[in-house]
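Asks: These protein sequence lines are chains G and R, in that order. The first sequence begins at 1 in the working numbering and counts up one residue at a time. The second sequence begins at 1001 in the working numbering and counts up one residue at a time.
Treat the hints with caution; some may be incorrect.
[Claimed, not checked] Pairs of lysine-lysine, DSS-like flavour, derived with a Cα cap of 25 angstroms:
no., chain 1, residue 1, chain 2, residue 2
1, R, Lys1208, G, Lys61
2, R, Lys1130, R, Lys1116
3, R, Lys1116, G, Lys63
4, R, Lys1208, R, Lys1239
5, R, Lys1208, R, Lys1192
6, R, Lys1192, G, Lys61
[As the list claims (entries may be wrong)] Below, a sample of chain G positions facing chain R; criterion: calculated Cβ distance under 7 angstroms:
no., residue
7, Asp57
8, Gly130
9, Leu138
Just so you know, these hints were derived from the structure itself, not from any lab. This one's a predicted model, so the numbers in the text were calculated from it and none came from an experiment. Note that beta-carbon positions come from the ideal geometry of N, C-alpha and C, so glycine has one too.
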Amino acid sequence: MDMVLELKHALYLNLIKDARYLYILNGLKNTLVITFFAVLIGIFFGFLIALIRNFCDNTGKLKLLNRLAKFFVVIIRGTPIVVQLMILFFCVFSSRSANNILIAIIGFGINSTAYVSEIFRAGLNSVDRGQIEAGRSLGLNYFSCMRYIILPQAFKNILPALCNEFVSLLKETSVAGYVAVQDLTKAGDIIKSRTYDAWTPLILIALIYLILTYCLTCLANFLERRLKRHERK
Amino acid sequence: MRGNKNALIKINDLNKKFSNGHVVLKNICLEIFEGDVVCILGLSGSGKSTFLRCLNLLEKPSSGEIFFEGKNILSEKINIDLIRQKIGMVFQNFNLFPHLTVLENLILAPKKIYKKNNLELKKEAYELLKKIGLAKKIDSYPSVLSGGEKQRIAIVRALMMHPDILLFDEPTSALDPTMVGEVLKVMFELAKEKMPMMIVTHEIGFAKKVANRVLFLDDGNLICDESPEKFFNEQENIKIKRFLNCMTYK
Ligand SMILES: Nc1ncnc2c1ncn2[C@@H]1O[C@H](COP(=O)(O)OP(=O)(O)OP(=O)(O)O)[C@@H](O)[C@H]1O
Ligand SMILES: [Mg+2]
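Just need the whole structure built from these sequences, with the hints factored in.
Replies: Encoded structure:
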């Protein structure tokens, strides 16, 4: 009985009193917004970079761009996301006029671009070389081959890895507090400092992260199964 | 007869050196004419595949010239896609598109490139499939076909582009022996229709029957270009003789 009462009190103190649940809602919103737009940026530019690198590997053209892309990926994957965010926040956008959340979106977007480009690249490479050779030998150009032959086959290999990447991105946004963004993690942190209760808010936000990533993983599995089903008839 | 005819393909001093320094083709000169059915023989690693792949630039030659219907395909100004539309290629591993049905495999390229309408293409595909006895497979996916069926469909896929020449790289080597005949039969029919073909093969019987020229590649050198009668019956080159002996006792 005591335990239940204690829990009730803890929840009241950490959520209801002074409308502290608003921190969590607002933090959740920020976390989702940052993740969502960073994902969009990551997919778009990651795909572009993968395409440039694949195009260069296949045709020997665009060598300079290919080298730049490689360089970018090495830098981003070789440095911590927190450092990248802080460089953006304190150096690049130090004028303060920029919106913190926007900076976080750009930072996480750039970061995920590098990882997603490698995922796409591996996916494109996973399709047997004979496929593009068959397409090209029929007279289809590189882009038609990509669109009608390679990508439809690569997508099945790409999708699971892509979903994993977004699950980790969602979790990684928890360092957004370093650049003064009140994301979900920061919300827990703020509540903790108000109530002097560490357990309740931290376990609460951990649960929220867990639910989010679990849903994403389920979605990924569902999509994967659907794609597999279309494979043969 | 050849003297006054323009070559379909003319190759001058073709060389191919891979980036690892390995020289695979050495100063190859050759002319291919309308109606030629050329079989290319040679030991494994002698450069047969590389040679064939140089002709449609799947492999980039290191030096030399290749003229296709009078156009230098190694010139910067050439659009290689336009050339490839006229040079069909059939691969050892078929390379059908597994995510597309047989019909979709056949019409993808002509639809995108020649912008023909679907109905017309479908009819053409159906007619060609009927000719090789595979009309009922038109809506199947490649994964349910046998190797022989896959290869015959790969040949039809190349034909759908109305090529002026067909290149075959060991088209029957990946097949179960029971299926080799059905593929060779299709190629035999094509030869009768005067389709120019260049065929890398180990099927000596087929070469004897169908080819009008037999080439022999030895370590990147084209050391023989003769009629099959001469090549198989009056062969004097020791290396080729030894090769032929190996083939017949295989
Ligand atoms: N991409 C490559 N890079 C380096 N060397 C290569 C490459 N492709 C082929 N080779 C080498 O070139 C030589 C000729 O290869 P090729 O495939 O043309 O021979 P082949 O006559 O077709 O042999 P097979 O009968 O086994 O198919 C071989 O020694 C091979 O190892
Ligand atoms: Mg070969």
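Asks: If a hint holds in the structure, say so; if it does not, say that too.
Replies: Structure-based check of all given hints:
1. R/Lys1208 <-> G/Lys61: Between R/Lys1208 and G/Lys61 the Cα gap is close to 43 angstroms, so the pair fails against 25 angstroms, i.e. violated.
2. R/Lys1130 <-> R/Lys1116: 21 angstroms, holds
3. R/Lys1116 <-> G/Lys63: The hint is violated at about 36 angstroms.
4. R/Lys1208 <-> R/Lys1239: With Cα atoms ~19 angstroms apart, R/Lys1208 and R/Lys1239 stay inside 25 angstroms; holds.
5. R/Lys1208 <-> R/Lys1192: Within the cut-off at roughly 14 angstroms; holds.
6. R/Lys1192 <-> G/Lys61: 42 angstroms, violated
7. Asp57: 13 angstroms, violated
8. Gly130: With Cβ-Cβ at 4 angstroms, under 7 angstroms, it holds.
9. Leu138: Hint holds; G/Leu138 Cβ to chain R Cβ min 4 angstroms, cut 7 angstroms.
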